[in-house]
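*Asks:* Each chain, written out:
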Amino acid sequence: MSGFPSTAAQLAAQTRYQLVTFVRIPVAVFFTLGLPLVMLVLFNALFGSGTFDTPDGEISAQQFYTGGLAAFTAVSATFTNLANMVPIRRDEGVLKRWRGTPLPTWIYIAGFILSAIVIAFVGVVLMLTLGVTVYDLEIEPAKMPAAFVTFVVGVGAFAALGMALASLVKSASSASAAANAIILPMAFVSNVFIQVDDGPQWIRTVGDLFPLKPFAESFQDAFTPFVEPPAFDWAALAFIAAWGAVGLVIALTRFTWEPSGSAPRGRRSRRTASAG
Amino acid sequence: MPVVDVSDLHKYYGAVRAVDGLSFHIDAGEVYALLGENGAGKSTAVEILEGHRTASSGSVSVLGVDPSDAGRDFRDRIGIVLQSSGVESEFTVREVIELYGGCYRNPRSLDEVVALAGLDEKVDDRIGSLSGGQRRRVDLALGIVGRPELLFLDEPTTGFDPSARRRSWDLIESLGDDGTTVLLTTHYLDEAEHLADRVGVLSHGRLIAEGTPEQLMNQVSGTVVSFMLPDGFHPGAAQATFGSLLEVDIRVSGRLVEANVDQPTAAVHRITGWALDEGVELESLSVSRVSLEDVYLSLTENVGQVESS
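Residue numbers (my numbering), protein chains in the order written: chain A, -13 to 262; chain B, 160 to 468.
Bound-form chain B, shown alone:
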């Protein structure tokens, strides 16, 4: 039985459809990422699964129970890292870990939590004196102190500097290796690509794509060719020249030209041949494998087109 099973979930706030027909499931031990822009419905969906909100309609099963009327046993088996929730700033890291840990049946020891969250040096500091990133690690620490079977992580690394993100990823990966099931929401594509076994792309309250990061990337034509628009070229004129050379539609953002091509060798040959003939340099010319970001952009573009037509 899946750890999380959501089917046709809806949540309305008046006329606003925050979640609008969401269905997905998460198997035991999986790290599942809900990916979507701000306002896509990620947090609302997760808070329904946590039991903080009730659904307008649809069925939700988490660890075999309906979270909206689940009690203490349910909350003993889950860990929650909310997007923003305070901790008692008058207390030290040690005190809050012991205080919150004291509510669970089988909590992790202080040393284990502190080591996992990377708070060794801050254990006797008051929460109020910690930096934003350190407080977020306290959030993670309190999320895992109860040894959860299922951990909810709502945008766990938003606002982190790159090295703090890496450390948090290491923590989440080690939890995944432990067999903890993780539901992660993020709007960072690299985070989903790095951590998730499967990704659900959420837009306007429903899934528009789902699969392993690999599967999603395979949905979009394989290779991205990009370069800077040569001097003297008007962005509006780029499609005529480069679109026809590459034989696909191109995207221009600022002076960056990007195109997804199926046969990169031939495409690069045509475009570099043209550049040599014309005597222009294509700065920052690169050929790279398609990223989850490209997938995401192409998916959400399609949704936009469908909705405006």
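Looking at chain A on its own, in the form it has when it is part of the complex:
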């Protein structure tokens, strides 16, 4: 009897399958890849001629928005995308079906995550291409390693956090709401949509508690002339990675394959079951 397909082949097949799924859902493509580009165009049209003062120096609005929205795209493709799609697949019973096949479950999950990282990469490249061609964004080769490492740490951490949220929410409809309720306010306090360094102290404090602000700032640093190469911010990367580790622990301990309510569980469902 022939053996199982190789792990590499199965990982590639699963990643490809999740990518095909993604491009066949127009609303996902628009919100993940299209909307950040629309925001870039709008923000630049409205505020693109200005500059922002930061503690380190003056940053042009164009550099600020491109770096911040590139980070936001990466977060949309990983955190928001996974927190949406995984609960949908769970509600549909697709996860349970896969669990009954010989595909190792970790490969299924890895396919989800790898596809999200590919989408994030495409989104960031699109954003930077638009930035360079239209908004005078300068790319310094010496700082690209820092940009790449920041990207890898960021998407890893936000993918883990997306899986954590997918593990905590009960249903697909609440997952979508929860993901947006988390990420949109966070973007406002994290130097993505607006510069908050001149804002109230409490907004800066809140921003400093979550991983989006260091992620966005690290990205912005990679595209800001006054930050000297190589522009690695190790403290920020460590902070993002720590958040990712928390997400990973939650995802590994709380992940469920079955739609909620498929088995009686907890006090309320027990009461319902015995009444029925």
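Among the hints, erroneous ones may be present.
Said to hold, decoys possible - Which bits of chain B does chain A cover? Going by a derived footprint, with three or more residues having C-beta under 8 angstroms, they are: (1) 231 to 238; (2) 263 to 275.
To be verified - Just a sample of chain B residues kept apart from chain A, beta carbon distances all over 10 angstroms, derived: (3) D164; (4) S182; (5) G223; (6) S248; (7) Y259; (8) G291; (9) G305; (10) E332; (11) R357; (12) N377; (13) F392; (14) V420; (15) S447; (16) L458; (17) E460.
To be verified - Chain A residues, not near chain B, derived (Cβ > 12 angstroms throughout): (18) L32; (19) Q187; (20) V235.
No lab work stands behind these hints, which were simulated from the structure alone. Where is the CB? At the ideal position from N, CA and C, for every residue including glycine.
Use these hints to put chain B onto chain A, whose structure you have.
*Replies:* Positioned in the frame of chain A, the structure of chain B alone reads:
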């Protein structure tokens, strides 16, 4: 060694005893039907055998291993058709069969699966555009794509129209002929009667009867006499008249009168003689062999009586 061997299986959800002392076995190549009403514990039992749930107590062996900690090799040898589980609606039938088939050691070819499941005309259609019955055939297709030794079918034809049911039965029968062992759950008695080599009747989480459909039908007195209650007869008064004519207890549901009799010739003679004397017509009068449904009703009635006494 049996393909499935279950002994004294229990599964509790809090105070609810979903499976309560279930024991049975399935031999290689057998089609075994677990029959029972909704909530009898069929799906819970099957999901324990599939490895989706763990038992509270008891011993379970499927293909020689304990499914609760069985791995990839085990799942390569089984096929699962769950009662309700989605398929990626953005994909075509061809794509999902190839995608899922790609996880098995020795999958069936696309053409073979499509032909077996009767999906030839739909192979390039997206799952999202299929009807409910067609999606159920996709479920069957994905259940058999890995060439399973043991196939679990949890209510495979619920919601089918009659012709779709017949086609699914043909598929399941052809798998049975192939030597595939099949564990089927159903609440359709005709389905069990038609497909199963042996039937286990499940009620309140345990077996209350087991045997070939033939053996089960022989347990209940052989022949059913039925007819419509004549006009002017109150259902409450039927037992007095017809019960004594047939010399057994009768069942009245709506205006339908049914009775299981041991000597149908004499019983029919008495009742038709009475009807001629009285000048009434017994509409829809029929004499038929006992069906699995009669067996099932008599079995579950007994359980109800035992539990309420």
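*Asks:* Please flag the earlier hints that this structure goes against, numbers listed from lowest up.
*Replies:* Violated: hints 6, 7 and 9.
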